[in-house]
Amino acid sequence: MSNALELKDVEKSFGSVIALQGVSVQVAPASVTCVLGDNGAGKSTLIKILSGVHAPTKGQFLLEGNPVSFSSPRDALDNGIATVFQDLATIPLMSIWRNFFIGNEIRKGWGPFSHLDVKKMKEITKQQLLDMGIDLRDPNQPIGTLSGGERQAVAIARAVYFGAKVLILDEPTSALGVRQSGIVLKYVLAAKDRGVAVIFITHNPDHAMLVGDRFYLLNRGRLMHSWERAHVSGDELRKAMAGGKELEALTTEIETVRKK
Amino acid sequence: MTTAQVDERVKQASLVTRIFRRPEVGALLGAIAIFILFTSTDTTGNFSHLGGIAGWTDIAAPIGMVGIAVSLLMIAGEFDLSSGVMVGTTGLLVGTLVQELHMNIWLAIIIAMVFATGVGMLNGYVVVKTKLPSFIVTLATFFILKGANMAVTMMITGAVRVTGTDKAPMFKSAHDVFASTFKLGGVDFQVSVLWWVGLTVIATWILTRTRFGNWIYASGGDANAARNAGVKVDRTKILLFMLTSQTAALVGIMFVLRLSGMQAGQGVGQEFFYIIAAAVGGTLLTGGAGSAIGASIGAIIMGMAYIGIPYSLWNSDWTATFLGIILFSAVMINTYIGRKARGGK
Chain A
1 MSNALELKDV
11 EKSFGSVIAL
21 QGVSVQVAPA
31 SVTCVLGDNG
41 AGKSTLIKIL
51 SGVHAPTKGQ
61 FLLEGNPVSF
71 SSPRDALDNG
81 IATVFQDLAT
91 IPLMSIWRNF
101 FIGNEIRKGW
111 GPFSHLDVKK
121 MKEITKQQLL
131 DMGIDLRDPN
141 QPIGTLSGGE
151 RQAVAIARAV
161 YFGAKVLILD
171 EPTSALGVRQ
181 SGIVLKYVLA
191 AKDRGVAVIF
201 ITHNPDHAML
211 VGDRFYLLNR
221 GRLMHSWERA
231 HVSGDELRKA
241 MAGGKELEAL
251 TTEIETVRKK
Chain B
1 MTTAQVDERV
11 KQASLVTRIF
21 RRPEVGALLG
31 AIAIFILFTS
41 TDTTGNFSHL
51 GGIAGWTDIA
61 APIGMVGIAV
71 SLLMIAGEFD
81 LSSGVMVGTT
91 GLLVGTLVQE
101 LHMNIWLAII
111 IAMVFATGVG
121 MLNGYVVVKT
131 KLPSFIVTLA
141 TFFILKGANM
151 AVTMMITGAV
161 RVTGTDKAPM
171 FKSAHDVFAS
181 TFKLGGVDFQ
191 VSVLWWVGLT
201 VIATWILTRT
211 RFGNWIYASG
221 GDANAARNAG
231 VKVDRTKILL
241 FMLTSQTAAL
251 VGIMFVLRLS
261 GMQAGQGVGQ
271 EFFYIIAAAV
281 GGTLLTGGAG
291 SAIGASIGAI
301 IMGMAYIGIP
311 YSLWNSDWTA
321 TFLGIILFSA
331 VMINTYIGRK
341 ARGGK
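For the protein sequence lines, the chains are A and B, in the order given.
Take the first sequence: its position 175, counted from the start at 1, is 175 in this note's numbering, and no numbers get skipped.
Take the second sequence: its position 255, counted from the start at 1, is 255 in this note's numbering, and no numbers get skipped.
None of these hints come from the bench; they were simulated from the model.
Note that this is a predicted model, so its numbers are computed, not measured.
Glycine is no exception: its CB is placed at the ideal position from the N, C-alpha and C atoms.
There's no promise every hint is true.
Ranges of calculated distance between the beta carbons of each label pair, as one might list FRET restraints [as the list claims (entries may be wrong)]:
{"no.": "1", "chain 1": "A", "residue 1": "Ser16", "chain 2": "B", "residue 2": "Lys232", "range": "36 to 44 Å"}
{"no.": "2", "chain 1": "A", "residue 1": "Phe113", "chain 2": "B", "residue 2": "Thr319", "range": "38 to 46 Å"}
{"no.": "3", "chain 1": "A", "residue 1": "Ser71", "chain 2": "B", "residue 2": "Lys129", "range": "18 to 26 Å"}
{"no.": "4", "chain 1": "A", "residue 1": "Trp110", "chain 2": "B", "residue 2": "Val201", "range": "17 to 25 Å"}
{"no.": "5", "chain 1": "B", "residue 1": "Phe135", "chain 2": "A", "residue 2": "Arg74", "range": "27 to 35 Å"}
{"no.": "6", "chain 1": "A", "residue 1": "Arg258", "chain 2": "B", "residue 2": "Leu285", "range": "49 to 57 Å"}
{"no.": "7", "chain 1": "A", "residue 1": "Asp193", "chain 2": "B", "residue 2": "Ile325", "range": "55 to 63 Å"}
The calculated DSSO-like cross-link candidates involving lysine-lysine, where the alpha carbons are at most 30 Å apart (straight line), are [claimed, not checked]:
{"no.": "8", "chain 1": "B", "residue 1": "Lys232", "chain 2": "A", "residue 2": "Lys119"}
{"no.": "9", "chain 1": "A", "residue 1": "Lys8", "chain 2": "A", "residue 2": "Lys119"}
{"no.": "10", "chain 1": "B", "residue 1": "Lys232", "chain 2": "A", "residue 2": "Lys126"}
Kindly generate the complete structure, drawing on both the sequences and the hints.
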């Protein structure tokens, strides 16, 4: 099976600062690829390369086997790479169906009389969300009335509907509670079931373990580990992420402080 | 993954909720209350009859026309403080072209429209390119035009007003279109009322039923999210600045035709009436929500106050105070209703 997206030995530097070095990532269609890393590991830089905000300084960016370079996020979107940013996904005061179709409005009529096909857009919104397992009573309600998890879900459904082949999720669960995170993770799997290659960026190994097929660990701008789902446990993931020995040292330190 | 989960805590939005979700409902209730107030305090017996209605719609029409455009601009998250003075500038431009060059009135009207469109475009372009607050940019435009209205009029005509617009070639036809009256139930109504109603209908259609309208809400709701979704935020805002200047020019042209001349200070201060109309009508000052009908209802409230206060034999020096109280209460009520309708606390 060919990869939906692949990075080969990518490097990104800003002046003298090397933010990413020697990063190679393979993302298969209909799979969830988790990119783990603590703060400052280079996750944001990686997202920005994947979503078309930055071009890599060195290395190759392959989309379905072909080398590409994007000039803007819109360019990446037109090539089937959709990014759901943590809080920039939706416009709170606008209704759900308007949010779903913003920038891709369906219109009917001719010339100056061309207008929105409201009925059709409402139907599609309701149906698409239903297919993802979200039952909306009223697509007219402002999207700001939905919970954080539901808003992420609408953004995911929207990206899937508009033909995203690769869906990048920037820490979709980091601001959410346990239940809400669960809802989002469910939709991540729903997107995968529809053949989308999902790249799930997170610093939460438990969330990654629940949905991931392949895991990459970033640290200080380098790829430290990669695992297939069958060959890794949640504990290993958590330990690797916290830096193994560093975590043990930290635990001892905390215990010393507590004894005082 | 096709079995939908039904959340038993989500109630079907009731009819009442759906009505109260409309941004202009607060203004409508206010307008009804004020209508009842003045009908009961009216000493002429005329306020609620056609004669009175012709009076207050005459005042409401120019406020409503520009108020609608200002409302769309505010929904997109921007202000235009130069909209009032633009009424004067375009009126003076038409008057001066006729008085000094004996220009054909239609040509003068076209020149004034093009000029206003250019100033609007400049306002918008400067705002999106410099990313300065539109409050500051258009405040500067306001003062530049206010000074120019006085200075240029004095320089060219030697007086603080232009006159004799009715001597222009083809004046009659332009007057018919922009400044005549029509009969309704035996009472003369201003033709500006028809323009105003027409603009309200078109603006409402644009706002709720076109892609451009969708982009207006998106630009003001969250410009960043809108850009990420492919909305041309800058173009949307520039077009709205142009539209605002154009409606102000339309009102300026109506005044100069009706009065056959114009004072250099005309229009200054009107920008606040437009903003009041928009805000009373439920348009958020922070952008992202509002309506065109709301601005028109806001204008009706102002028209009723201007006619109702003297009809009730109250001291009309207090009219502005009355409007200030209306503005404050309306925005308070709108905010409260809005929060309820969105299901928040």
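For each hint, the structure was consulted:
1. Against the hinted window of 36 to 44 Å, the Cβ-Cβ separation of serine 16/A and lysine 232/B comes to about 37 Å, which satisfies the hint.
2. Between phenylalanine 113/A and threonine 319/B the CB atoms are about 42 Å apart, so this pair conforms to the stated range of 38 to 46 Å.
3. Take serine 71/A and lysine 129/B: their Cβ atoms lie about 21 Å apart, and the range 18 to 26 Å holds.
4. In this structure the supplied range 17 to 25 Å holds for tryptophan 110/A paired with valine 201/B, their Cβ-Cβ distance being about 20 Å.
5. Separated by about 30 Å at the C-beta atoms, phenylalanine 135/B and arginine 74/A satisfy the suggested range of 27 to 35 Å.
6. At about 52 Å, the beta-carbon gap between arginine 258/A and leucine 285/B stays in the expected band of 49 to 57 Å.
7. Separation of aspartate 193/A from isoleucine 325/B is about 59 Å and conforms to the stated range, judged on CB atoms against 55 to 63 Å.
8. A hinted pair counts as satisfied when its Cα atoms are at most 30 Å apart, and lysine 232/B with lysine 119/A qualifies at roughly 24 Å.
9. For the suggested pair lysine 8/A and lysine 119/A, the alpha carbons sit about 46 Å apart, so the restraint of at most 30 Å is broken.
10. This hinted pair checks out: lysine 232/B and lysine 126/A have alpha carbons roughly 26 Å apart, not beyond 30 Å.
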